[in-house]
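My request is simple: use the sequences and hints to build the entire structure.
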Amino acid sequence: MIVNSREVEIGNLKSEVKKYHDGGYRFVTETCLNLEDKFKIIYTFAIGYDLENIHIITDGKNVPSVSDIYSCALAVENEIKELFGIEFDGLAVDFGGNFMLGESSPISPQADIEIIRREKGGKNE
Amino acid sequence: MSDKSTIPFGPQHPVLPEPIHLKLVVEDEKVVEAYPAFGFVHRGLETLAQKKDFNQMVYVVERVCGICSCMHGQDYCEAIEELMGIEVPVRAEYLRTIWAELHRIHSHLLWLGLFADAFGFENLFMQTWKIREKIMDILEATSGNRVIISVNIVGGVRKDINSEQAKWILKELDEVERQLKDINDVVMNNYTVKQRTVGIGVLTKEEAYELGATGPMAKGSGVDLDLRTTGYAAYKYLDFEPIVEKAGDSYARNLVRMREIFQSIDLIRQALGKIPDGEINVPVKGNPPAGEVISRLEQSRGEVVYYIKSNGTKFLDRLRIRTPTFANIPALLKILPGSQLQDVPVLILTIDPCISCTER
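Protein sequences appear in the order of chains A and B.
When we follow our numbering, the leftmost residue of the first sequence carries the number 1, and every step to the right adds one.
When we follow our numbering, the leftmost residue of the second sequence carries the number 1001, and every step to the right adds one.
Keep in mind that a hint or two might mislead.
Said to hold, decoys possible - List of simulated lysine to aspartate or glutamate pairs, DMTMM-like, C-alpha gap at most 20 Å:
1. Lys61(A) / Glu36(A)
2. Lys1205(B) / Asp22(A)
3. Lys14(A) / Glu1210(B)
4. Lys1167(B) / Asp1028(B)
5. Lys1236(B) / Asp50(A)
Derived by calculation from the structure, the hints in this document are not laboratory data.
Written out as structure tokens, the structure reads:
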């Protein structure tokens, strides 16, 4: 399926996601992409075998977590947080940077820009 | 008054074929909370898409996981083919389907062996893996490799199955089916198996859907979703109905996998009976055009999702793989609280976790 994604404003993200949830869509995944000095996060939902995608463009700070709407989103949001350094507000369970990466792992290894800094020898701030 | 204790489970544990770590908060013998930690086999394979060209990436995605290897390659190739507008020969579609179903059988048999081993059913473990060897022999005879068979390429497949091999495969599958029926009668009616699985780790249909569960984890809870229904590869030419159980417990998930093995044998028989003559691949020229595509197929453990963003060069901008075990982790975290400590290994194995897939 060629991706046909609709952009939504960050401020409207949760209300849009809630519409999918209330409409009986299941959560499939979130995909984060580098966009020079910004990030694009694609949210994928499915109903039956059909997919729908929405996306936001963000600088990586204060992205509202949708894990209070779809609790299963917490896993992928923790992964994105660690691999891209995105700061999610309101993560249902925050693994503090130790979901996929270890304490001595590179910081935000998939991000072109760095959002979250790690203290020397410690966990993500 | 009860005391809470925190017990580490894994990453090295006798029942775990791959490393996963769980922090289990227990009250006496009852699990009240579970927190996972991954990353022990995280290899960052997705980032290689920016360093290896799109044809070389077939070899990379095949190595995401040994057990689902063939289907990773297939899904990736189907995504690139959709981007490039390539129509794969019908014979190649059939061959992809045959090898994918052989992988499903050996994956489910591998799981059954590990599951048996987890609760001390050593004889079943040995019998199951003995049968699995016949499938591995078929893979080796038709592709040259037992595990990572590397048959998929962008534009089709690189190997063919001749008529002599087809007859031999059918004969071998008859024997696999006969032996599995014997095992199935014993396992699914066994007192100990039922005691350890019936009513244990119940996930309702609503919970499975809400938590995004997939594969036997969802089908065992009554969620009637199997991407083969959409007719990708050669499934559109075959009779296929998803196998669904409604109880939502560990026994139902086991039953789905057992029934899927017999179904896969039937699908291979159908495919070998209908496969047309013809080319097995088409030449591919140029690079994928700039664009984004999502491709999905049904692996042994459920729905795998490939997202690809290309920029018109031979290197991809982004490859993202959402594997079925990753989708099933929230469901596992749902069924662990409330269970007894002794049931934790069984519950983990009833999701048939593939950590290599999950971490990539």
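Q) Going through the earlier hints one by one, which of them does the structure break, listed in rising order? A) 4
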